[in-house]
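Undergrad: Based on the sequences and whatever the hints tell you, model everything.
Chains A and B, in that order, give the protein sequences. If you're matching positions, the first sequence starts at 2 in this note's numbering and goes up one per residue. If you're matching positions, the second sequence starts at 443 in this note's numbering and goes up one per residue.
No wet-lab data here; the hints were simulated from the structure. Errors might be hidden in some of the hints.
Claimed, not checked - Once the Cα atoms are required to be at most 25 angstroms apart in a straight line, the calculated PhoX-like pairs of lysine-lysine come out as:
#: 1; chain 1: B; residue 1: Lys591; chain 2: B; residue 2: Lys501
#: 2; chain 1: B; residue 1: Lys616; chain 2: B; residue 2: Lys563
#: 3; chain 1: B; residue 1: Lys564; chain 2: A; residue 2: Lys521
#: 4; chain 1: B; residue 1: Lys604; chain 2: B; residue 2: Lys501
#: 5; chain 1: B; residue 1: Lys619; chain 2: B; residue 2: Lys591
#: 6; chain 1: A; residue 1: Lys526; chain 2: B; residue 2: Lys494
#: 7; chain 1: B; residue 1: Lys622; chain 2: B; residue 2: Lys501
#: 8; chain 1: A; residue 1: Lys521; chain 2: B; residue 2: Lys563
#: 9; chain 1: B; residue 1: Lys591; chain 2: B; residue 2: Lys563
#: 10; chain 1: A; residue 1: Lys541; chain 2: A; residue 2: Lys446
#: 11; chain 1: B; residue 1: Lys618; chain 2: A; residue 2: Lys604
#: 12; chain 1: A; residue 1: Lys521; chain 2: B; residue 2: Lys616
#: 13; chain 1: B; residue 1: Lys494; chain 2: A; residue 2: Lys604
#: 14; chain 1: B; residue 1: Lys507; chain 2: B; residue 2: Lys619
#: 15; chain 1: A; residue 1: Lys199; chain 2: A; residue 2: Lys415
#: 16; chain 1: A; residue 1: Lys604; chain 2: B; residue 2: Lys622
#: 17; chain 1: B; residue 1: Lys604; chain 2: B; residue 2: Lys507
#: 18; chain 1: B; residue 1: Lys481; chain 2: B; residue 2: Lys507
#: 19; chain 1: B; residue 1: Lys591; chain 2: B; residue 2: Lys618
#: 20; chain 1: B; residue 1: Lys616; chain 2: B; residue 2: Lys494
#: 21; chain 1: B; residue 1: Lys499; chain 2: B; residue 2: Lys622
Stated by the list, open to error - Derived CB-CB ranges, DEER-like:
#: 22; chain 1: A; residue 1: Leu628; chain 2: B; residue 2: Pro484; range: 43 to 53 angstroms
#: 23; chain 1: A; residue 1: Leu628; chain 2: B; residue 2: Pro490; range: 19 to 29 angstroms
#: 24; chain 1: A; residue 1: Gly198; chain 2: B; residue 2: Leu447; range: 14 to 24 angstroms
#: 25; chain 1: A; residue 1: Tyr445; chain 2: B; residue 2: Arg572; range: 43 to 53 angstroms
Positions of the beta carbon are idealized from the N, C-alpha and C atoms, including for glycine.
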Amino acid sequence: MTAEIGQFCMILALIVAASQAIIPQIGASKRDYSLVLFGKYAAIIQLILILIAFLCLMHLYIISDFSVLNVWQNSHSEKPLLYKISGVWGNHEGSLLLWVLILALFGAAVASFSKNLPPTLVGRVISIQAAIGFGFLILLIFLSNPFARISPTPINGSGLNPLLQDPGLAFHPPFLYLGYVGFSIAFSFAIAALIEGKVDAAWARWVRPWTLAAWCFLTIGISLGSWWAYYELGWGGWWFWDPVENASFMPWLIGTALLHSAIVVEKRDTLKSWTILLAILAFSFSLLGTFIVRSGILNSVHSFASDPGRGVFILVFLIITIGGSLALYTWRAPNLKGGGLFSPISREASLVINNLLLMSATATVLLGTLYPLILDAISGEKVSVGPPYYIGTFIPIMTPLVVVMGIAPMISWKRSDLSGVLSRFWICILITIVAGLVTLFLTYKGPILAVLGIILSVWLISGSIADFLERIKLFKVSFNDSFKRIINYPRSAIGGTIAHAGVGILIFGITISSAFELEKIQSVKTGDRVQVGNYIFEFKGTEISRGPNYDAIRGNFDVYKGNDLIIKMQPENRSFINPEMVTTEAAIYPRNLGDLYAVLGEKNPNNTFSTRLYYKPMINCLWLGCLLMALGGFISLSDRKYRIGAPKKRFIEKNRTLGLYN
Amino acid sequence: MKQNLIFIIPIILFSLLSIFLGIGLFLKPKEIPSALIGKTIPLFNLPPVSEKLNGLKDKDLRLGKPVLVNVFASWCGPCRIEHPLFMELSRNPEIIIYAINHKDNPSNAIRWLDLYGNPYKKIGSDLDGRVSIDFGVYGVPETFVIDGKGCVQYKHISVLTKEILDREIVPRLKGKKHVKCKLKQ
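TA: What follows is the structure, encoded as structure tokens:
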């Protein structure tokens, strides 16, 4: 019965989506607000319907109802409860349902929190949101039905890929989708603005919090995926430039550009058509990512089973959505006249540079991702583009970006003079030069990229701190005044500073962990000692251990520093039964300055085990940096100016006199 | 009007992209003839990826018995897909598989082989990709059949499939469909 209720709710949701797509749009053009109101209610009803469908599917997974094809294919009665639940979105059909659920969630959120928005704009936004939902519901109901039954009912399920049975990965897709789908709001706002022919500061102020929220979720989602790869794949790597990873990275890059260009629209009423384009592109790349993952068009380690029928549908959907919106853009964007002019050295100009570089980075990743496909289409050759390409192209683009990032928050709007800005930064420049020289000296003849990475991260972190100190005028005014400034410091600015510092820390982590990683690969027998840097790993043999749905060979290492035993590490080699698969479970011991990382490999014929031992210095900075970026985003999101539709004049005036909203 | 032309660029780019995506959706791995078939292999001597393993040089390909040469890299996704096939193949003592490790960090290559198994008798580490260029390698993975005299018999671009293996490669390893090399060098 549950499956049929779910199925029925999806069909109802489809009908609601159809009416929600049409009626408020008519209401907006006829200025009939009762029709717009209909759309608001429809958005909430749609959320309820899809939520019921989703809960039905989850229920089917929890009770292990194997008469449902999807549950049978992806679950098993012996699986732990957490993975029964995460199994819901660990497959094509279920994850698509999650996609639609989140889309409906955002649609309902706009409908509910839109008191300050002009009704026509709301009507258009929720109508476009429903149109996207309509397309995906069609795909769900007709081509990927999660509630399809099988007969006869099998006794047990075929299980979930053991690699995916992991807490990190259980929450990776929901966050990723919150990010992907969150960009749909910016997209809908952009299309609505193109139809209305009006983009102004107020528009940017409405779009920015949604974009920011989506960006934060996407940041968390990508980091979770990366963290999972680090400890689960047993490679010690955390980013592989895999097509699916790139598919999530490209919307992130564009989303980052959009966040920054929307500031320019909000404060200076210019760069409008560019911002609109970014809003369209951010979501388009999310859709493109979905297409790449679902159609099986590119080889990837973690793509879902592909189906050309679905691929054709998604491609047609892509062409209608993206092609249609870009056509609308071509038609309407030329009418969006920008206001403010600015000189080459100004905040606006620095944000333009930011945007250009981020877009170049996106183009680079897109080219690398699709090059194998394009080459295949033209000449029939199959190739694989690997990290050498990305490292070679990405670093030269990111370097100037980070340099500009360090000083941009201190450049004033409209017009500024570089020497004035740099003079306030002399201490940062000094620190950076010293840090660069020290690194160069310490790593004499070492990797030159390490020196570059250190310079960039020190520059960015010190720049962020200097920016903060400058704004609160520490030591320039009385301590009391400085304290008042901290209190009144707008959260959006604090958030920005923290996120920028986060990027600096991230770069630091990447640089140190990749340049100074220690790695030992060897076969060991019981009693063998291996030295990795300052640490000694003593192999104490193996034992058999049993998990809820796997058997494992567990290796025992005693790790010494000097003569002190600091930790026992137990990497595992797990053999799952349903489905049959072996996974490595690395043992990771985080210390303040780096992770110890041990992997147990295969048993050799002479009773030794291949093992890989690593010391990964400063790898925790990598996760800390990602966390700070997301945290900065959330702090900025809590700024009161987003909660009230337009900032209260007095508040702004007060802060303007303090020089905080410059 | 001239200014408005800029706004057409996004949709033009997108149209191009969707054409490629459309073609890509219906592509099947294709075989393309290589200009190198019937030519003698270049002279080369590649170091091993680790001290414990053997390097690869051109003489290894002239020992009188047909061999397979697989060009792979640890960073190459498709290589992972075809790898089990080579593992299976390596269980047959009659078949000799060599490899060129293309533009790859040797320690990554070792890790890769550790994880997925090593079907290769000898592996040459081609750090800068020079030997691969001489072999006419477009990208990884690629697989060559070389007869016992150093003459290229067959080349397969992209992921090797069981079908190609049975239809094209195994017969050539048995000396069928032999192409004679023009004398060079």
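Undergrad: Against the structure, test the hints numbered earlier, and report the numbers of the ones violated in rising order.
TA: The structure conflicts with hints 4, 10, 11, 12, 16, 20, 23 and 25, although it agrees with all the remaining ones.
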